[in-house]
Amino acid sequence: MPQVDWAALLPQYFLGGGGLVLLTIGSLLRRRLPSWFATAFSAAAALGALGGVIWLWIRVQDPARGAFTTIAGTIGIDGFSVFLSGVVAVSVLLAAVLASGSLRRQGLPVDEFCVLLLLSGAGGVTMASANDLIVLFLGLEVLSIAAYVLAALDLRRGASQEAGLKYFVLGAFASAFFLYGVALLYGATGSTKLGLVAEFLAGGGAESNALLLGGMALLLVGLFFKVAAVPFHAWTPDVYEGSPPVAVAYMSAGVKAAGFAALLRVFNAALGANAADWQPIVYAIAALTVLVGATLAVVQSDVRRLLAYSSISHAGFILVGVEAATDAGVAGSLFYLGVYAFLALGSFAVVTIIGSGPEGRQSLDAYDGLAKRSPALAAAFGVLLLAQAGVPFTTGFWAKLEVIGASVEARSYWLAAMAMLGAVVAAFLYLRIVVRMYLTAPSDGSRPAVSRSAGFVVAVCAAVTVVFGIVPGPLVEITNDATIWLGG
Amino acid sequence: MALAELVWLVLLAPLVGVVVLAAGGRRLGEPRAGWLGTAAVGASFVASLLVLAGLLSLDSHDRAVEVSLFSWVPAGNLAVDAAFLVDPLSVTMILFVTGVSALIHLYSIGYMHGDENYSRFFLYLNLFVFSMLMLVLGNNMLVTFLGWEGVGACSYLLISFWFGDEANAVAGKKAFITNRVGDFGFLLAMFFAFGAYGTLDYAGILSGHAAQSTATAILLCLMLGAAGKSAQFPLYVWLPDAMAGPTPVSALIHAATMVTSGVYLLVRFNPLFEQASPWVAEIVVAVGLATAAVAATIALAAKDIKKVLAYSTISQLGFMFVAVGVGAWTAAIFHMVTHAFFKALLFLGAGSVIHGMAGEQDIRRYGGLARAMPYTTTTFAVGTFAIAGVPPLAGFWSKDEILAHTWGANKLLWALLLLAAVLTAFYMTRLLILTFGGSPRWPAGVTPHESPLLMRLPLLALAGLAATAGVLNLPFTHDTEFLGQWLEPVFAGAHAKALGYAGGTKWILGGIAIVAAAGGIWAAVSVYARRRVPAEKVERQLFAEAWGFDEALGDFVGGPGRRAFDAAARFDAGVVDGAVNKVGTLVRRTGERLRATQSGFVRRYALGVAAGAVVLLAYFMSRVGW
Chain A
1 MPQVDWAALL PQYFLGGGGL VLLTIGSLLR RRLPSWFATA FSAAAALGAL GGVIWLWIRV
61 QDPARGAFTT IAGTIGIDGF SVFLSGVVAV SVLLAAVLAS GSLRRQGLPV DEFCVLLLLS
121 GAGGVTMASA NDLIVLFLGL EVLSIAAYVL AALDLRRGAS QEAGLKYFVL GAFASAFFLY
181 GVALLYGATG STKLGLVAEF LAGGGAESNA LLLGGMALLL VGLFFKVAAV PFHAWTPDVY
241 EGSPPVAVAY MSAGVKAAGF AALLRVFNAA LGANAADWQP IVYAIAALTV LVGATLAVVQ
301 SDVRRLLAYS SISHAGFILV GVEAATDAGV AGSLFYLGVY AFLALGSFAV VTIIGSGPEG
361 RQSLDAYDGL AKRSPALAAA FGVLLLAQAG VPFTTGFWAK LEVIGASVEA RSYWLAAMAM
421 LGAVVAAFLY LRIVVRMYLT APSDGSRPAV SRSAGFVVAV CAAVTVVFGI VPGPLVEITN
481 DATIWLGG
Chain B
1 MALAELVWLV LLAPLVGVVV LAAGGRRLGE PRAGWLGTAA VGASFVASLL VLAGLLSLDS
61 HDRAVEVSLF SWVPAGNLAV DAAFLVDPLS VTMILFVTGV SALIHLYSIG YMHGDENYSR
121 FFLYLNLFVF SMLMLVLGNN MLVTFLGWEG VGACSYLLIS FWFGDEANAV AGKKAFITNR
181 VGDFGFLLAM FFAFGAYGTL DYAGILSGHA AQSTATAILL CLMLGAAGKS AQFPLYVWLP
241 DAMAGPTPVS ALIHAATMVT SGVYLLVRFN PLFEQASPWV AEIVVAVGLA TAAVAATIAL
301 AAKDIKKVLA YSTISQLGFM FVAVGVGAWT AAIFHMVTHA FFKALLFLGA GSVIHGMAGE
361 QDIRRYGGLA RAMPYTTTTF AVGTFAIAGV PPLAGFWSKD EILAHTWGAN KLLWALLLLA
421 AVLTAFYMTR LLILTFGGSP RWPAGVTPHE SPLLMRLPLL ALAGLAATAG VLNLPFTHDT
481 EFLGQWLEPV FAGAHAKALG YAGGTKWILG GIAIVAAAGG IWAAVSVYAR RRVPAEKVER
541 QLFAEAWGFD EALGDFVGGP GRRAFDAAAR FDAGVVDGAV NKVGTLVRRT GERLRATQSG
601 FVRRYALGVA AGAVVLLAYF MSRVGW
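Going down the list, the protein sequences come from chains A and B. Position one of the first sequence corresponds to residue 1 (our numbering), numbered consecutively onward. Position one of the second sequence corresponds to residue 1 (our numbering), numbered consecutively onward.
Looking at chain A on its own, in the form it has when it is part of the complex (with noise of 0.2 angstroms):
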């Protein structure tokens, strides 16, 4: 029995034990759970996961204890993994927010939404923790198979089906890339702990080559498909276009970080020394992600879709700062991500809002005028859609500086310089929904009817946007305490 420091794991505790807490009393029950009590319930589980990861945040930054691991080295504490549980659990957090309102609306289960929300979310504060490969594979699974259901979960449209299953298929095939990755990789070095691998390839490097080199071609494959890097993104507008929109806002925030927390925790610190070998094709594939991305989004004309290619835009960004290898880099990664998770979460709260009409409706037309009918919903919108181009001001301007400016201080210039031609492709098509917004006539009078969740949520997201961008200090503070690594 291996000694287990309990107290490490507080949020997987209330975040999984919460979902399996939520499913047995929903279960036990004669009806359906009402609503507010599922989502009153959830928001409880994710804040105590907050406040659990608060509370590992102070002891790891304590410079008398540290970063430690637990679980025979499976499990490891650092500044990453706890703010990473973090933006995972502000994700489960403002998704459950986000339900109460919306998924009552379209006469859907909130419970089920609840159960698979908080289950998935344990997920990915696993894969954050992870130190170990097979760990980080539980971790993985865990949060896809429930993202997958979450996609299906409006049964009755045939497009959520659709999208539940596509994602399920392409994911599983993902995933076996993922495992033989593993695999090969364990052939290499001997072990599947992160701190061993990294340890045994700082001592002189694998005795087979084709192993090592085979295995992280693999394990990149099986990254790139979860944080949808091109070319392996095609699921993701079909997947989002599909899905109800509450489960995408939380796909987009908290099952990117999670990715992201596994392709940085294996590449950049277990495969730092490394890194000259996956280097070129992360720097590749950045570089095709963030202007393949934007440049599809151009010509979308429905929003979820274009919400969609705008994302694959942004995780190439992330990756910018994943291929500087620095931890600079890192610090820009982290940035981006916590700071991505609300300009997504308030942006597809948007699309729950303007979508939840009388026939659903997604497309960009429907955001006409819109500053006319519900200026407070423009005014925050069109912070959201201006921190995702990247204006000064809002935190997205400083994500962007950051991962540039650490691509620049690697000296991957040309990749920087790609990043912003990106940028300025993207820029665009924000603007052209602002535009929309306000300086067109709206097609109908009709008031956006704003459930006061939803009105919560976005009117969070956009503050915190709007702070931050003033005041990034603290923010950039904390991403830096971040890369505290386990012996890095």
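Treat the hints as calculated values from the structure; they're not laboratory data. Note that beta-carbon positions come from the ideal geometry of N, C-alpha and C, so glycine has one too.
Which residues of chain A face chain B? A few of them, derived with a C-beta cut under 7 angstroms, are:
1) Val169
2) Leu170
3) Asn209
4) Ala210
5) Leu213
6) Met216
7) Val221
8) Leu296
9) Val298
10) Val299
11) Val425
Label pairs and their calculated CB-CB ranges:
12) A/Arg447 / B/Ala167: 34 to 44 angstroms
13) B/Glu30 / A/Ala417: 50 to 60 angstroms
14) B/Ser599 / A/Pro474: 41 to 51 angstroms
Based on these hints, arrange chain B on the given structure of chain A.
Same frame as chain A, now just chain B:
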């Protein structure tokens, strides 16, 4: 905690005012919105007094407290904190800024009565005070610049406050564009300073050393910025037009506070004058002198009461520039403070007159108002004699100090500046006589009346200050030069130049200044009250047309300038926009093509993943050293 660290309270009070007025100003309505704005600034003044007390409790060489709120811009090696510098200079500034602002806010409660955008007016005023405080309190150039832009923005908003009238909107635009030229100088100075010193903090810049050429460049750029903000030749043209704004705005922004920020900036950078080439200081003197003299002649012939005061402000700012140029830092700040008192008083008095005359601003239609408006007349007279330099009112002491320092620097400079002082006494007495003396020349249907108590109170308070502020810095002995001693630590690096002559000369110069002021007043009395000389002999057409400078500028901008703008616009439309449009089309076309890959079939997507995997594997295998 030391009291000086409470400086954030000074800023918080107007910020709270801004937030509350922005959120619920309309609901508060009149007059509560006005009282709220006034209370916010009043609280800021009280906080400033606390900070002053905190600073006084320290030893004089410790009186520079840096208060950092948070790290603001942590971008690589450019680390800027949202931090404030509490030292005698900044505390002097915040005291008179908040004090005068509070009085003008109080006055505005009455003046803006009945305006449909009543609460918005106070919102802008509070925002202005907040920005101004940030400008003077900033611990680094970036915070100062933020305040600098903030006061500029508020200034444009308030100039065109009554934007229904085309002329007001145009005046706002003119101020904006002219100030842009100056802001450009400030920005360049900031870049140079960061390049040379590696920091934007005043502590780092002012104690650092740079090559003479760098220091010269920084100072020249700063001077350009200061000339724009402080309306110096040739960038003064926006200030007379800025009088389109409500009169309290003219008093607060365009007389007492914002326009002095250029002078403040140069004084703040005083150690740089030592490092830069000496001719920079000479340029500052030349610009100041030209402005002081030219603006004074224009004020002689101006017909609009607010225009007279505007040119007078420009002229007095010229005096301050001259003081900066000859190294008389204390004199510059001293004159800035006294000028804030008497010029705010004069503007508010003018506002009271305009209020009583139902909006009439032409002094040819005034006359004989003394009987109808006794309070306004008395306080306006105090302001007039203060600015004219009649002892023992405040203006005499501060102007005399500048004159005394110029005598030490250059006798010709002294003589020319003395002439400008004579003109000041002349045009101010002219204004006083034409407005309040003689017989009524009112337009039909106007019955002038005294302003309400709420507007009279600030007039009385400012009149008291304008009369007595001279005690701040009396030149009798070193011990009575309170302001000089108080500010000494700020100028320690630049060893403020002492008067280069014995005490006797000082008294003779003071006597000459008194005679000059009396001469100016006497001349105006004989022209406008006794009519011994026809007024047309004095009010030359050239002066009335402001030396044709504005018009020449307009001709240039409208002629060759216009053609240049058109060419630039064509270049913009053809090349810049063209490129942007081409890129846009290209992106769209590429997007349409790429879209074809998005077929919706899972097998195609799986194929994509597999193909990607093959490429990745192939690449990694190529790196294997078989």
